[in-house]
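Asker: So the sequences go chain by chain: A and B. Position 33, counted from 1, in the first sequence is what the working numbering calls 33; the numbers after and before it change by one each time, with no gaps. Position 22, counted from 1, in the second sequence is what the working numbering calls 139; the numbers after and before it change by one each time, with no gaps.
Be aware that one or more of the hints could be misleading.
Derived DSS-like pairs: lysine-lysine, alpha-carbon spacing no greater than 27 Å straight-line [claimed, not checked]:
1) B/Lys187 with B/Lys155
2) A/Lys57 with A/Lys42
3) A/Lys83 with B/Lys187
4) B/Lys187 with A/Lys78
Per label pair, the in silico range of CB-to-CB distance [to be verified]:
5) A/Gly72 with B/Val201: 28 to 36 Å
6) B/Thr148 with A/Ser66: 27 to 35 Å
7) A/Asp63 with B/Thr197: 35 to 43 Å
8) B/Arg180 with A/Leu30: 27 to 35 Å
Just so you know, these hints were derived from the structure itself, not from any lab. The beta carbon of each residue, even a glycine, is placed where N, CA and C say it ideally should be.
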Amino acid sequence: EPEVTQTPSHQVTQMGQEVILRCVPISNHLYFYWYRQILGQKVEFLVSFYNNEISEKSEIFDDQFSVERPDGSNFTLKIRSTKLEDSAMYFCASSEGFERGGRVEQYFGPGTRLTVT
Amino acid sequence: AQKVTQAQTEISVVEKEDVTLDCVYETRDTTYYLFWYKQPPSGELVFLIRRNSFDEQNEISGRYSWNFQKSTSSFNFTITASQVVDSAVYFCALSEAPDNFNKFYFGSGTKLNVKP
């Protein structure tokens, strides 16, 4: 069964450093997402991406964050200058997309645990 | 205001007991989707079910069943004859038409502990 993959599983970085989290969505999906989950808290929407542009973003997704689809398979989240409060589990997800007549459920990757020290 | 409320923070049951996880949602839209996801101790989020706002028919899948009631804005999840492997955090989520259903609002989750 196709699945979303994410690398690395755990990333430790120092405050102020840039990090790039990588995701490979399910191959026939057209919509991609990033969510984060601070330890013990709810999963929070960050951004959705379709057709090489951001379609929706939350107030959390400020200028420190950016997303990119550098090739036909990867989807990345970059945090430009990490802060302590960026420590969280980051989930990538993908879906067929309602606008394309597909299913709306999002399939999540296993997550990348980001620790900022 | 919270769009999705899961009032039960943690529930503990003994194996073979039935357990119901509550989910109450809030939306002004007439077209929306509701979801349940399971997050086992390993941390991934596993999709369990999707329901759209026009389909109030309850669904059963093995030991899992879901009760969707628009009148009370609830989408509750029941596990029958619980097993230790059901131990996980369960999240209810909502997506709405104005976002083309692309933005999920998650509840805070209910941690289910099933003891042998």
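Asker: Run every hint past the structure and note whether it holds.
Answerer: Results of checking the hints against the structure:
1. B/Lys187 with B/Lys155: Holds: B/Lys187 and B/Lys155 sit about 23 Å apart, inside 27 Å.
2. A/Lys57 with A/Lys42: Within the cut-off at roughly 17 Å; holds.
3. A/Lys83 with B/Lys187: 42 Å, violated
4. B/Lys187 with A/Lys78: 40 Å, violated
5. A/Gly72 with B/Val201: 28 to 36 Å: 42 Å, violated
6. B/Thr148 with A/Ser66: 27 to 35 Å: 31 Å, holds
7. A/Asp63 with B/Thr197: 35 to 43 Å: Given a distance of about 49 Å, which is not inside 35 to 43 Å, the answer is violated.
8. B/Arg180 with A/Leu30: 27 to 35 Å: 34 Å, holds
Going through the hint list in order, the structure does not satisfy hints 3, 4, 5, 7.
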